[in-house]
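Colleague: Below, each chain spelled out in residue letters.
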Amino acid sequence: MTLTHFVTKNAFRNKRRSLLTVGSITFSLLLLTLMMTIWRSFYLDKGSEDSAQRLMTRHKVSLANFLPEFYRQRIRSIPGVTHVVPITWFGGKYKDDKAENFFAQFGTDPTEFFKVYTDYKIPPEQAAAWQHDRAGAIVDEHMAKKYGWKVGDKITLKGTIFPMNLELTIRGIYNPPTSTDTLYFDAKYVEESVRWFRGSAGLFASLADSPQSVGRVATTIDDAFRNSPQPTKTESEKAFLLGFISMLGNVKAFILFICGAVVFAILLVSANTMAMSIRERTREVAVLKTLGFPRKTILALFIGEGVTLALVGGLIGSLGATGLVGLVAKGGGFFAGLSVTPGTMGVALLVAGLVGFLSSFAPSYTASRLNIVEGLRHIG
Amino acid sequence: MAIPISYNLRNMRLRKGLTAMTALGIALTVATAVFLMALVAGLNKAFATTGDAQNVLALRKGSDAEMNGGFSLDTVQTLRSLPGVAKTADGQPMVSGELVTIIVLPRKDGTGEVNVTVRGTRPVGIAIRPNIKLAEGRWFHSGQREIVVSKSIHGRFAQSDIGQSMRFGKGDWTVVGVFDSGGSAYDSEIWGDVNQMQSDFDRMGGVSSVYLRAVDTASAVTLAQRINDDQRLHLDGVLETAYYGKQTKSGDTIKFVGTFVAFIMAIGSSFAAMNTMYAAVAYRSREIATLRILGFSRFSILTCFVLESLLLSLLGAAGGILMMIPFNGMQTGTQNQSTFSEVVFALHMTPGVVITAVLFAVTMGFIGGLAPAWHAARQEILVALRG
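Which chain is which? The protein sequence lines are X and E, in order.
Residue numbering for the first sequence follows the numbering used here, starting at 1 and increasing by one per position.
Residue numbering for the second sequence follows the numbering used here, starting at 1001 and increasing by one per position.
Think of the hints as simulated: they come from the structure by calculation, not from any bench.
Only a predicted model underlies this, so the values are computations on that prediction, with no experimental measurement involved.
The C-beta atom is built at its ideal place from N, Cα and C for all residues, glycine as well.
Among the clues, some could well be false.
To be verified - Derived CB-CB ranges, DEER-like:
1. R283/X with V1362/E: 34 to 40 Å
2. K1249/E with H132/X: 37 to 43 Å
3. H378/X with G1155/E: 58 to 64 Å
4. L1359/E with F244/X: 33 to 39 Å
Given the sequences, and given the hints that come with them, work out the whole structure.
Modeller: Shown next as structure tokens:
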């Protein structure tokens, strides 16, 4: 019998207890992996290559203020900018107030849209059909499936910001790298019906010629409008989106709080189990010592057991999280494009191993220092 | 006959370490649940306490939020002459056309920029909201570039002390006062003179919403209905309380995440409790057999161990709630889903939150204790005595 075998045998000799411990660690690690995945996608992920090249320019005062349309030409003339399109939030209501019927709708310029959003794929004939119909719209593949829309379907969006309703015909279904559940339509439709909106735009999305020039282009754009009545704020698409997340509140502290509570809770659980199972085996430890096993080996045996249990739980937990994230990401919307990376899984396993080590260290240490005679006398 | 509860208490005390660790595990889960529930409760409080049942809000038809509004001063004139509108001491109708917009301000602690709601109002607008008190300084003067900030804005943003000036719109605004609205949604706003704001935000003559104060709560309902029905106005009339009440949906994200996190952690903690209880049963199998011989029924053994698990979880609940008490009242912010601006609220441990937390812990204890207790009750006396 090798020592590894001995450890595994021992780890699962009280099956019920081991299963419960592993189960408890599994659920905790599942949660931890989920939280780390969200953290990573919010704060560490740089987005796709095309996304890294895109810039968003908005009114410096706030998103609620419009920018003049002529800014588009000015931005276009800035070296490093290849294409610019206006993007205006319509905020219309589809059918009713229900949350499942809420999705983003933006007015834009169909002729240049796909030149800025180069990573959005659409059949060329559908793009052309959209460009030829002022009341046309394109929707993302995921939401088309969700609402059962086909090319040619007609939908109505009730305006809340703009005093008008959009009667749109779906002309195309596009496929973005991660589903965004967004509808785009021709901004001219709104301009024709709403007098005060004529000649303005909500934001401008522009494409830089390389990811390296994004920072420089952003400052050049903002400098160009610094002293005009409508100063701008330009940032990368990722930073722009992160701005919305930061408005949800102190998300970082929130995630850290949960992670901290989870890690500490599993530490307690597994320390508890290890203490129980080692105390039960006091007499066995004494026997092992009598047989001549050195203290170090005994310490390693018990720590190995704790780490094994924790790692099994960690593995199941992070695999479960991977499955869950995959399932949720398929649902699209906010979590679209989320996935558990091998790195995140590695960190989760490392945490599990560390918890196993820490929780078994104290009881194992006590066990390894046991006086043989007293150990043999132990009842329990 | 039931086994006295002191038996359980003594047993728990005997294995102090085990009891404490399990209870602490449950306590952490309860603390997380309390934290998340208190967030939602605080947010709900901010919206639920906003508004006066006597006030009616007129919005452009179809628009859900004040910020999305926009209608002319003529309409405001029509609204001023509606029956049922209260009058000020000098006979002016209590109707206030207001401009609401959002601006971006950097947080004081340097954790990024936040959208903040700015409200252009007028003296009558302040009179319409008697619940809002001036905490420091004075109200803004009409025609001046002066602002009054809410207490929580005062605490969270730079340049918000009296005498300092904030830069937004087309220039600097001097802070002349701090107001306190008692934790309502107005606590996330900056107020200034409506005419000044209109020129700064290029909205000359336009207002985004109109507040009307009715003579009493009953006429407020009629007034709202009248605004709704008037075809000329093309406006929606809502009670101020109803308008803000609807915005509680801003807490839905936190609620969803909170429920999910609490649920997963509860499963983990139930397993841990189960483990402890199984150990407790195994440890005491001879004792249990003795109790059976003494004449205690299987049922009393079952209840005895379930009870012990419940005690353990109650201990955990108490610990968890105690852990969170220092955080009660802590201020934080989240995005208001209707206005896209930050709404500030305080963590609020309501009696409801505490009761739910206790029930939550008891459920964990029950689930964790039932199987081991069942196991204990079904033990064969002879086998157990020999073991």
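Colleague: Take the hints in turn and mark each one as holding or not.
Modeller: Hints versus structure:
| no. | hint | result |
| --- | --- | --- |
| 1 | R283/X with V1362/E: 34 to 40 Å | holds, 38 Å |
| 2 | K1249/E with H132/X: 37 to 43 Å | holds, 39 Å |
| 3 | H378/X with G1155/E: 58 to 64 Å | holds, 59 Å |
| 4 | L1359/E with F244/X: 33 to 39 Å | holds, 35 Å |
The earlier numbered hints are all upheld by this structure, with none contradicted.
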